[in-house]
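Chemist: Listed below are the residues making up each chain.
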Amino acid sequence: MSIQVSSSNNEVMQRSPLNRDGYLLRLLEQTGSPETDLELLRSLRSQSKLLIQEQAFPTTRDEEWRFTDLSSLLQVNFEARTSQSSVSSEQIAPFTLPEAAESRLVFVNGVYQPHLSLVKGLPKDLYVGSLSELLAGKQEEAIALQSRLSHYLGKQPGAAELFTALNTANLTDAAIIWAPKNLVVETPIHLLFLSTAAASPAFSQPRCLVVAEPNSAVTLVEEYVGLDEGVYFTNSVTEVWVESNAQVNHSRIQRESKAAFHIGKTAVSQARDSRYTCTAISLGGKVSRHNPEIFQTGEQTETYLNGLTIALQDQLSDTHSAIVYSKPYGSSRQLHKCIVGDKAHGVFNGKVFVPQAAQLTDAGQLNRNLLLSPKARVDTKPQLEIVADNVKCTHGATVGQLDADEVFYLQSRGIDAASARSLLVYAFAFEVVEQVAIASLQDTLTHFLKTQIP
Amino acid sequence: MIIENSEVILSVRDLTAEVDGNQILKGLNLEVKAGEIHAIMGPNGSGKSTFSKVLAGHPSYDVTGGEILFQGENLLELEPEDRARSGVFLAFQYPLEIPGVSNLDFLRVAYNSRRKHQGLEELDAFDFDELVRERLEVVKMNPSFLGRSVNEGFSGGEKKRNEILQMAMLEPKLAILDETDSGLDIDALKIVANGVNQLAKPDNATILITHYQRLLNYIEPDFVHVMEGGRIVTTGTKELAHELESRGYDWVLEAEAAEVAGR
Numbered sequence: 000m001s002i003q004v005s006s007s008n009n010e011v012m013q014r015s016p017l018n019r020d021g022y023l024l025r026l027l028e029q030t031g032s033p034e035t036d037l038e039l040l041r042s043l044r045s046q047s048k049l050l051i052q053e054q055a056f057p058t059t060r061d062e063e064w065r066f067t068d069l070s071s072l073l074q075v076n077f078e079a080r081t082s083q084s085s086v087s088s089e090q091i092a093p094f095t096l097p098e099a100a101e102s103r104l105v106f107v108n109g110v111y112q113p114h115l116s117l118v119k120g121l122p123k124d125l126y127v128g129s130l131s132e133l134l135a136g137k138q139e140e141a142i143a144l145q146s147r148l149s150h151y152l153g154k155q156p157g158a159a160e161l162f163t164a165l166n167t168a169n170l171t172d173a174a175i176i177w178a179p180k181n182l183v184v185e186t187p188i189h190l191l192f193l194s195t196a197a198a199s200p201a202f203s204q205p206r207c208l209v210v211a212e213p214n215s216a217v218t219l220v221e222e223y224v225g226l227d228e229g230v231y232f233t234n235s236v237t238e239v240w241v242e243s244n245a246q247v248n249h250s251r252i253q254r255e256s257k258a259a260f261h262i263g264k265t266a267v268s269q270a271r272d273s274r275y276t277c278t279a280i281s282l283g284g285k286v287s288r289h290n291p292e293i294f295q296t297g298e299q300t301e302t303y304l305n306g307l308t309i310a311l312q313d314q315l316s317d318t319h320s321a322i323v324y325s326k327p328y329g330s331s332r333q334l335h336k337c338i339v340g341d342k343a344h345g346v347f348n349g350k351v352f353v354p355q356a357a358q359l360t361d362a363g364q365l366n367r368n369l370l371l372s373p374k375a376r377v378d379t380k381p382q383l384e385i386v387a388d389n390v391k392c393t394h395g396a397t398v399g400q401l402d403a404d405e406v407f408y409l410q411s412r413g414i415d416a417a418s419a420r421s422l423l424v425y426a427f428a429f430e431v432v433e434q435v436a437i438a439s440l441q442d443t444l445t446h447f448l449k450t451q452i453p
Numbered sequence: 000m001i002i003e004n005s006e007v008i009l010s011v012r013d014l015t016a017e018v019d020g021n022q023i024l025k026g027l028n029l030e031v032k033a034g035e036i037h038a039i040m041g042p043n044g045s046g047k048s049t050f051s052k053v054l055a056g057h058p059s060y061d062v063t064g065g066e067i068l069f070q071g072e073n074l075l076e077l078e079p080e081d082r083a084r085s086g087v088f089l090a091f092q093y094p095l096e097i098p099g100v101s102n103l104d105f106l107r108v109a110y111n112s113r114r115k116h117q118g119l120e121e122l123d124a125f126d127f128d129e130l131v132r133e134r135l136e137v138v139k140m141n142p143s144f145l146g147r148s149v150n151e152g153f154s155g156g157e158k159k160r161n162e163i164l165q166m167a168m169l170e171p172k173l174a175i176l177d178e179t180d181s182g183l184d185i186d187a188l189k190i191v192a193n194g195v196n197q198l199a200k201p202d203n204a205t206i207l208i209t210h211y212q213r214l215l216n217y218i219e220p221d222f223v224h225v226m227e228g229g230r231i232v233t234t235g236t237k238e239l240a241h242e243l244e245s246r247g248y249d250w251v252l253e254a255e256a257a258e259v260a261g262r
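Here the protein sequences come in this chain order: G and R.
Taking numbering that gives the first Met the number 0, the leading residue of the first sequence gets 0, the next gets one more, and so forth.
Taking numbering that gives the first Met the number 0, the leading residue of the second sequence gets 0, the next gets one more, and so forth.
Be a bit skeptical, because a hint or two may be false.
Listed below are the simulated DSSO-like cross-link pairs for lysine-lysine, each with C-alpha atoms no more than 27 Å apart in a straight line [as the list claims (entries may be wrong)]: (1) K115/R - K449/G; (2) K342/G - K285/G; (3) K158/R - K449/G.
In short, the hints are calculated from the structure, not lab data.
Note that this is a predicted model, so its numbers are computed, not measured.
Construct the complete structure from the given sequences, taking the supplied hints into account.
Modeler: Here is the structure:
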């Protein structure tokens, strides 16, 4: 067991001068995004390509990747697939949500699947669909739409970060959710990204754009699923714009194959009086990383970040979060829990930036880690940078094992030791699971917790 | 109540036990028969709570000598869960909170594990619900507690009442209450004591481990034992408890020392 807790802020920017054997460029060429007439996509792609050429593939010498070694990714040659897959509605049935039976978009290996998607259960004013569909209309309309999209797509801070730029450089299609002013959408929207095993490992780069205009409310589930235990690489970017007084409730479920690589960015900008809740659950992937980045751009915004990581066998699961304040009266509540067993490795790094202008900020962060085996490892690093002087900022990190007294209590009620441990692991995770806004997903996660953890 | 020739439920002989290499129990002897209520009192650190945990099978406590027979069988051979299923119940001083597990589900799992052990059919959710609502009366608990997570957000008194509710469901042969009375206000104490009295039957037995004589105003013990230095040094009736309350423990310990010296 190894524990590393520190709150220093030494951004060591050491980059190798070479592009690690040109891996990135090869990856870019492999993805070979199709030609496009759309000026919006063309300019985003070309800007991002330039950004990538200035960067090197990260190593553990980079502070941001200190505990997450991507060298196993470099061993694999990935290939993008652009053709329609043969995934049937029967195959996706286990992953659909009854609550979102008529409000889902399905992508397979990064490609939109109109025959598996259904949005008729949603209000007409709400746009839910793929970018390609949206822009396939009449030319004048497409041009007008491009102009509206150009204010949002690829415009979140942090777009220059390598994997975000890699996604944008290949930008071909995206899942779009656009809620107009004052529209409160009760039905949850399910974005389902499936990956399948193939002869050659696939590389897919899902992209989502969520715009909640002033006073609107949206609930969405963004889910990554491996249909079989194949090797593939998902590099996803989701941009969420929560305009003034709007609300977005976002559940993000990552259950990729145990052999897969997954790197995901959730970039969120919140205008004044808005409320954003993200509950991110990471179960799959051989090596996975989630970067939630929240930018509070207006006064009195509320952010709730919940996270649950379960890492078993030889999985490495990393969460690097950032909450960036800029205006007064903002608040955030962050709870991140890791359950790490076998020889797995969990990583949590939680940044909170409170500049001088963000007076009366109320920020709370708690990271709790449960180690299930002597060889399990967790690295946790709260990283608070506070300049403003009239704020309330708290953080805490704990690392522990199952308590013998707790197991004994359950045994003393006739529950065998193995079931007692399983119940306690479930109880540890429950605080995060209950934040998932969809009942059927809670059930799925509960089942996973009760059956998949040794 | 003391019943002539009733079944011996618990027989403890020369019990020694240690935790982390420190010997806590140093030759404890106790016999408990069906129908009886025993109170074990004693100063802090005398080994009362250790004794209760050893009876229930806490893995941190190593029994180094002596024996414990439960209804004639070697209790020390059984895992904690098997002791519970056979009818040993320990009410905890600090009951555990279990978020996400409803009280009702928890009670049903515990209840059915005991039923299964007894060779009885498990109760389905419907029948169990009926039974549990009836037993709620024992500790005057509101049915809304059934839907809440086990002990989560419960007050101290509610947690202790919940322990007695579990006891009412499991109907143990031997109930051990480890300082169940500590930290309770007088109303909660009355409810808990009343519950214990209702559950004490001619065919079961109760051991009350307590620091305070106050509990014994509401539950009348047949025997009062004083523990000191890991042994029972004196046994008497409930009058002994009154005497302890007014005179403290020192005189008992001195009398014991004098008796040993005089031998």
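Chemist: Compare the structure with each hint and give your call.
Modeler: Right, here's what the structure says about each hint:
Using a Cα cut-off of 27 Å, the hinted pair K115/R and K449/G holds, with the two alpha carbons roughly 22 Å apart. With a C-alpha separation of about 12 Å, the suggested pair K342/G and K285/G falls inside the 27 Å cut-off, and the hint holds. For the hint linking K158/R to K449/G, the alpha-carbon distance of about 26 Å falls within 27 Å, and the restraint holds.
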